[in-house]
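Q: Please construct the entire structure, taking both the sequences and the accompanying hints into account.
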Amino acid sequence: MTIVKQMRLFDIQELMDMESSRRFDAILSTFNLQPIFQLFRKTTMYGAPRELNYGAMIQSLVIRIVERIPTVKDLVKRLKYDLIFRLDCGFLLSDSVPSEASYSRMVDVISQSDVFVGMNDDLIRAAFTEGFLADEHVSYDATHFEARDASKPSEKKEKVPKKRGRKSKEERAAWLAEQAEIEANLTTYEKKLEDQLTIPTATLWQDIPIEPKWGVKKNSDGKNTFWFGFKGHLAVSTKSQYIVACLMSSGSLSDSKAAIPLLKKVVEVMPNQFTTAIFDAGYDYEAIYRQILNQDMKAVIPYVKRRESEILGFDANFRPTCVREHSYCYDSFDEKYQSLKFTRPKECATCPLREDSLCQKVFKIKCETDIR
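Residues 237 to 608 in my numbering are what the sequence shown spells out, letter by letter.
Simulated crosslink set (DSS-like; lysine-lysine; CA at most 27 Å straight-line):
# : residue 1 : residue 2
1 : 393       : 453
2 : 534       : 427
3 : 428       : 449
4 : 395       : 428
5 : 459       : 449
6 : 582       : 602
The set of hints was computed from the structure by calculation and includes no laboratory data.
A: Here it is in structure tokens:
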């Protein structure tokens, strides 16, 4: 009987070499990706089976950042030619390598949902429960992200020449009706900042513009810097550095327009936790102060002078002054009546008017007089 010796395809050592190294398990185990997996779960047992391994695709997007792979195109190329990397991402040998279009559709589904917001809220609550987040102060600021695509040139609209002279009654009535219609059709973030105080948090988060736009911001040298893309608005605990709430918007959105949505979101996630809200000078608006006071918090915002005349009886730091314009000294703050107490300045000890009725020993000013 003739014995045919069959050539071996691979031995046990080669099979062990092809096994996943699991070098990314330490990273992937630190956060729960299950909420994202649920977005691509089949709701019924009927119909065609899933042809793509969405779990591995989601993990590969996380690993792409760790491996510093710049684009999805390079990621697909790496998955196609690197078998070990494909196994490390969670793909099986029987799985086909997904295309760029598949990744694009998957990212679009994730971006249309609020799954990342829910995951961050769960993380913050877990950090608070376990004692990692015990801060009382939260800081708010914005940063910018450049868009990968270049801006499209906009068409220049011809300006309609204005008619000289006063409008007639008919023209003024038509103009007022036009302005009323324009104001009625304004979006949530085109309205005045005061209108956000009565708008629900869910509406503020849903209506925020997210298209890439040109943005401008002053750098540390006081010069304007321009970019085309987006803005990230963050609320960060000052000590533990946890991102309590975050919001993405177009680059053209003013920083102050995202302050009230963040303040409302922080209270929803962690009610009665923070006592102080810290902002920079770009957030010095009365509506923001009002929202902070409504949440029983204190505001730390640099004062910005805007065409405001000098207030009689007060100095540059808003302390009351005596008849001879000496500033009163701050004494205390009354929590019950929300008032500031100022005592007589030291110059009054030798002042000839110290016994006069015009010279007041104690000044008490309610915060509601001017919340800024």
